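Protein chains in written order, with this note's numbering: chain V, 104 to 346; chain Z, 104 to 346.
Calculated from the structure, these hints are not laboratory results. One or more of the hints may lead you astray.
Copies of one chain are not kept apart here, so a pair can be met inside one copy or by any two copies together.
Simulated crosslink set (SDA-like; lysine to any residue; CA at most 20 Å straight-line) [said to hold, decoys possible]: (1) K325 - T314; (2) K203 - G143; (3) K248 - I220; (4) K302 - R268; (5) K111 - S245; (6) K203 - G281; (7) K114 - L224; (8) K111 - G146; (9) K142 - D112; (10) K111 - F324; (11) K248 - G281; (12) K114 - D178; (13) K142 - C346; (14) K227 - G251; (15) K227 - A250; (16) K142 - N207; (17) K227 - H249; (18) K248 - R225; (19) K111 - E303; (20) K141 - L194; (21) K325 - F209; (22) K302 - G285; (23) K114 - K248; (24) K111 - A250; (25) K248 - L224; (26) K203 - D186; (27) K227 - K248.
Since the structure is predicted, the reported quantities are computational estimates derived from the model, not experimental observations.
In case you want the letters, here they are:
2 protein chains.
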Amino acid sequence: MADRQAIKDVKAVVFDTFGTVTDWRGSITRMGEALARKKGIEGVDWEAFARAWRAGYRPGLHRVISGQRAWTPLDVIHRERLDEILPEFGLADRFGEAEKADINLFWHRLAPWPDSIPGLLRLKTRYLIAPLSNGSLMLLASMAKHAGIPWDFIYSSDMHMAYKRDPEVYRNAVRLLGVMPGEVMLAAAHNDDLEAARKEGLRTAYINRPTEYGADQVKDFKATGDWDVIVDTVEDLAERMGC
Amino acid sequence: MADRQAIKDVKAVVFDTFGTVTDWRGSITRMGEALARKKGIEGVDWEAFARAWRAGYRPGLHRVISGQRAWTPLDVIHRERLDEILPEFGLADRFGEAEKADINLFWHRLAPWPDSIPGLLRLKTRYLIAPLSNGSLMLLASMAKHAGIPWDFIYSSDMHMAYKRDPEVYRNAVRLLGVMPGEVMLAAAHNDDLEAARKEGLRTAYINRPTEYGADQVKDFKATGDWDVIVDTVEDLAERMGC
Numbered sequence: 104m105a106d107r108q109a110i111k112d113v114k115a116v117v118f119d120t121f122g123t124v125t126d127w128r129g130s131i132t133r134m135g136e137a138l139a140r141k142k143g144i145e146g147v148d149w150e151a152f153a154r155a156w157r158a159g160y161r162p163g164l165h166r167v168i169s170g171q172r173a174w175t176p177l178d179v180i181h182r183e184r185l186d187e188i189l190p191e192f193g194l195a196d197r198f199g200e201a202e203k204a205d206i207n208l209f210w211h212r213l214a215p216w217p218d219s220i221p222g223l224l225r226l227k228t229r230y231l232i233a234p235l236s237n238g239s240l241m242l243l244a245s246m247a248k249h250a251g252i253p254w255d256f257i258y259s260s261d262m263h264m265a266y267k268r269d270p271e272v273y274r275n276a277v278r279l280l281g282v283m284p285g286e287v288m289l290a291a292a293h294n295d296d297l298e299a300a301r302k303e304g305l306r307t308a309y310i311n312r313p314t315e316y317g318a319d320q321v322k323d324f325k326a327t328g329d330w331d332v333i334v335d336t337v338e339d340l341a342e343r344m345g346c
Numbered sequence: 104m105a106d107r108q109a110i111k112d113v114k115a116v117v118f119d120t121f122g123t124v125t126d127w128r129g130s131i132t133r134m135g136e137a138l139a140r141k142k143g144i145e146g147v148d149w150e151a152f153a154r155a156w157r158a159g160y161r162p163g164l165h166r167v168i169s170g171q172r173a174w175t176p177l178d179v180i181h182r183e184r185l186d187e188i189l190p191e192f193g194l195a196d197r198f199g200e201a202e203k204a205d206i207n208l209f210w211h212r213l214a215p216w217p218d219s220i221p222g223l224l225r226l227k228t229r230y231l232i233a234p235l236s237n238g239s240l241m242l243l244a245s246m247a248k249h250a251g252i253p254w255d256f257i258y259s260s261d262m263h264m265a266y267k268r269d270p271e272v273y274r275n276a277v278r279l280l281g282v283m284p285g286e287v288m289l290a291a292a293h294n295d296d297l298e299a300a301r302k303e304g305l306r307t308a309y310i311n312r313p314t315e316y317g318a319d320q321v322k323d324f325k326a327t328g329d330w331d332v333i334v335d336t337v338e339d340l341a342e343r344m345g346c
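Go ahead and model the full structure; you've got the sequences and the hints to work with.
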């Protein structure tokens, strides 16, 4: 296999989390629906709400990555976008401040795709596994605890003070482990994330998640690069990595 | 109980590892003895070797903390001390470079005290748990994997670019979690570590490890401050923390 040579030196497999390990669209939808039932709110399309919330993510990050805005934690960016979309969904006056703060923590409680935990448990037997995510440490640690994700350690955006695709994120991940770039593999459902990682010398694994964005998905329906490994699930990745 | 109020806001319990969670002296002794058997080396007091190795730790860190030396990873400091003591134990020419590199990894494979894993598993049900250690990320992640330590995440000295008792370590730990200082508790077997943590507003738990240094132990036979919790084991800490 073409990737046998490429992967033999890998010591750590680091993962994009939003979309790759966890299903943010399904999770936010379900949590929104549950909250609506509890509060007696009707007529809100929570799946559209989830997509609208996420649609503020890349633009919000971009302002930080491009230097237009000083370092801003992801929880703040999530909250700003939440405040933008609540009126758009007729929810401007439905929640108090404590409730809004809790809704913002939906992102701390995302559920994994069905193959994620089984695959990670297998990978963990042979490799160090960690998220390489734009999430905050509290977000990622809470998510792992809530979902039972068995990370060996966590890389959060606060540790790098940078968001992917800023090259600094990938460089710092390699530096902190004290290894060579080719000893770290990024697994992600996003081709541009893998491209940025490859530029820094990391190994790459594409995990296909063609339903991540639902109606909003415009790319990442398949691998668009010759990544070291190309699979459909984390379990397939474990298989390909000899676990 | 006096500590009830103090601990009610705690969200994360972070641990000193060398001596508090793991028994470096017993572990290094056993690994040295096993290596000696394999290599047919006789007449070395491996327990004295372990103590001699550790005796270079504080002075080595102090040069970095005091600014006399630029940031130097702990694995380098361990290796420098190893090279110093090998001749002192008649081992100058007994090991090749690859073997010396592997002996340096003894610190990556320390075993926990018997109460550590049971106590941490209980604490993990209610709190985020992590090391706040002078170890490197690779050291701490390898140690956790080897020993089955169930950390939620890892703080390594490389993340802070500072060693305890530099105040920056405690401040950065709080900052990265995005919480108030009083929401983080340091658990340690070393009174001066707790003192430095308390100065930054952290909660404190003293775990008594009076045999840590063996014949070299000159302090930390008991709590010398009115720490929020004072116990003999991690299991006792879990009990006191309501787990």
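How the hints compare with the structure:
In this assembly of identical chains, K325 and T314 lie within 20 Å of each other by CA distance solely inside one copy; the values are 11 Å within and 58 Å between copies. Taking the shortest Cα distances, K203 and G143 sit within 20 Å of each other inside one copy (16 Å), while across copies they are farther apart (67 Å). In the homo-oligomer, the alpha carbons of K248 and I220 lie at most 20 Å apart both inside one protomer (12 Å) and across protomers (17 Å), since each shortest distance falls under that limit. Taking identical chains as interchangeable, the C-alpha atoms of K302 and R268 lie at most 20 Å apart only when both belong to the same chain, with a minimum of 11 Å there against 38 Å between chains.
With identical chains, the CA atoms of K111 and S245 are at most 20 Å apart between copies only, with a shortest distance of 19 Å across copies and 32 Å within one. Taking the shortest alpha-carbon separations for K203 and G281, only the inter-copy value of 18 Å comes in at or below 20 Å, while the best intra-copy value is 41 Å. Taking the closest pair of Cα atoms, K114 and L224 come within 20 Å of each other only inside a single copy of the chain (15 Å); across copies the shortest separation is 26 Å, beyond that limit. Taking the shortest alpha-carbon separations for K111 and G146, neither the intra-copy value of 53 Å nor the inter-copy value of 40 Å comes in at or below 20 Å.
In this assembly of identical chains, K142 and D112 lie within 20 Å of each other by CA distance neither inside one copy nor across copies; the values are 53 Å within and 28 Å between. Proximity of K111 to F324 under the C-alpha cut-off of 20 Å is found in neither arrangement, the shortest distances being 28 Å within a copy and 48 Å between copies. Taking the shortest Cα distances, K248 and G281 sit within 20 Å of each other only across copies (17 Å), while inside one copy they are farther apart (27 Å). In this assembly of identical chains, the alpha carbons of K114 and D178 lie at most 20 Å apart only when taken from different copies (18 Å versus 30 Å within one copy).
In this assembly of identical chains, the alpha carbons of K142 and C346 never lie at most 20 Å apart, being 46 Å within a copy and 32 Å across copies at closest. In this homomeric assembly, K227 and G251 come within 20 Å of each other (Cα to Cα) both inside a single copy, at 13 Å, and across copies, at 12 Å. Within a single copy, K227 and A250 get their C-alpha atoms as close as 16 Å, and across copies as close as 14 Å, so both meet the 20 Å cut-off. In this homomeric assembly, K142 and N207 come within 20 Å of each other (Cα to Cα) only inside a single copy, at 17 Å, whereas the closest approach across copies is 59 Å.
Taking the shortest alpha-carbon separations for K227 and H249, both the intra-copy value of 19 Å and the inter-copy value of 12 Å come in at or below 20 Å. When the C-alpha separation of K248 and R225 is checked against a cutoff of 20 Å, the pair qualifies both within a copy, at 18 Å, and between copies, at 13 Å. With identical chains, the CA atoms of K111 and E303 are at most 20 Å apart within one copy only, with a shortest distance of 18 Å there and 44 Å across copies. Taking the closest pair of Cα atoms, K141 and L194 come within 20 Å of each other only inside a single copy of the chain (15 Å); across copies the shortest separation is 70 Å, beyond that limit.
Proximity of K325 to F209 under the C-alpha cut-off of 20 Å is found in neither arrangement, the shortest distances being 28 Å within a copy and 44 Å between copies. Proximity of K302 and G285 under a CA criterion of 20 Å is satisfied intra-copy only: 11 Å inside one chain copy versus 41 Å between copies. Within a single copy, K114 and K248 get their C-alpha atoms only as close as 24 Å, which misses the 20 Å cut-off; across copies the closest is 13 Å, which meets it. Proximity of K111 and A250 under a CA criterion of 20 Å is satisfied in neither setting, with 30 Å inside one chain copy and 25 Å between copies.
In the homo-oligomer, the alpha carbons of K248 and L224 lie at most 20 Å apart both inside one protomer (14 Å) and across protomers (12 Å), since each shortest distance falls under that limit. When the C-alpha separation of K203 and D186 is checked against a cutoff of 20 Å, the pair qualifies only within one copy, where the shortest distance is 8 Å, while the shortest distance between copies is 57 Å. Proximity of K227 and K248 under a CA criterion of 20 Å is satisfied in both settings, with 16 Å inside one chain copy and 9 Å between copies.
Checked against the numbered hints given earlier, this structure breaks hints 8, 9, 10, 13, 21 and 24; the rest are met.
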